[in-house]
Amino acid sequence: GSLTHRRLEVGDGVTIDCGTTYNGYCADVTRTFVVGKADDRQREVYQTVLDAQLAAIEAMEVGRPRGECAARGMEVICQRGFADYMVHGAGGHGIGLEVHEAPATHGDEPWVAGNVVTIEPGVYIPNWGGVRIEDDVVLTPQGPSILTSVSKELLEV
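For any residue, its number in this note's numbering is found by taking its place in the sequence shown, counting from 1, and adding 73.
What the hints contain is simulated information worked out from the structure, not anything from laboratory work. None of the values given here were measured: they were computed from a predicted structure. For each residue, glycine too, the CB sits at the ideal point set by N, CA and C. Incorrect hints may have been included.
Said to hold, decoys possible - Each pair of labels, with its calculated beta carbon distance range:
no.	residue 1	residue 2	range
1	V83	P183	45 to 53 angstroms
2	E226	T94	24 to 32 angstroms
3	A186	R116	30 to 38 angstroms
4	Y95	R153	32 to 40 angstroms
5	V83	I198	29 to 37 angstroms
6	P199	E82	13 to 21 angstroms
7	D181	V83	45 to 53 angstroms
8	V108	I219	34 to 42 angstroms
Hey, can you work out the whole structure from these sequences and the hints?
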């Protein structure tokens, strides 16, 4: 969507993408919340994006092709009927000394222990709004570990 100066109203969904640095390393997080009570559609889209993100993170495994991660998340979004509303799929980007760096979360190259990436699926519906949930994730030999500590519960404010 485009930027406006319209005041937020009850029922609006708000997506905030923010970042910071700590000791030279970048962090990037996105959350979506609702002003007032979320309606059924907002809850459905939010749950779809959350389930897609969790599926994508779960697919991160040392030696597995990186693209399987985003594909797993996109599969969830497609199964729920929102295929036409994925703007950038269900992957993300590498993050570290730069906010956007290698490795990519797509392609056939394998995951390597120590990779740090964002996983940030999103669903954006014209004339309605969008939902994105983004976390920073490090891949350990035992599997993915989410570095972001912000709650992923749908916030109603």
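Tested hints:
Checked against the hint of 45 to 53 angstroms, the C-beta distance between V83 and P183 comes to roughly 47 angstroms, which is consistent with it. For the pair E226 and T94, the supplied restraint of 24 to 32 angstroms holds, since their beta-carbon distance comes to about 26 angstroms. For A186 paired with R116, a C-beta distance near 36 angstroms keeps the hint of 30 to 38 angstroms intact. Checked against the given bound of 32 to 40 angstroms, the beta carbons of Y95 and R153, roughly 35 angstroms apart, stay inside it.
Hint check: V83 to I198, Cβ distance near 19 angstroms, so the stated range 29 to 37 angstroms is violated. Here the CB-CB span from P199 to E82 is close to 19 angstroms, well matched to the stated 13 to 21 angstroms. Here the CB-CB span from D181 to V83 is close to 47 angstroms, well matched to the stated 45 to 53 angstroms. The supplied range of 34 to 42 angstroms is broken by V108 and I219, whose beta-carbon atoms lie about 27 angstroms from each other.
Comparing the model with each earlier hint shows violations of hints 5 and 8; every other hint is respected.
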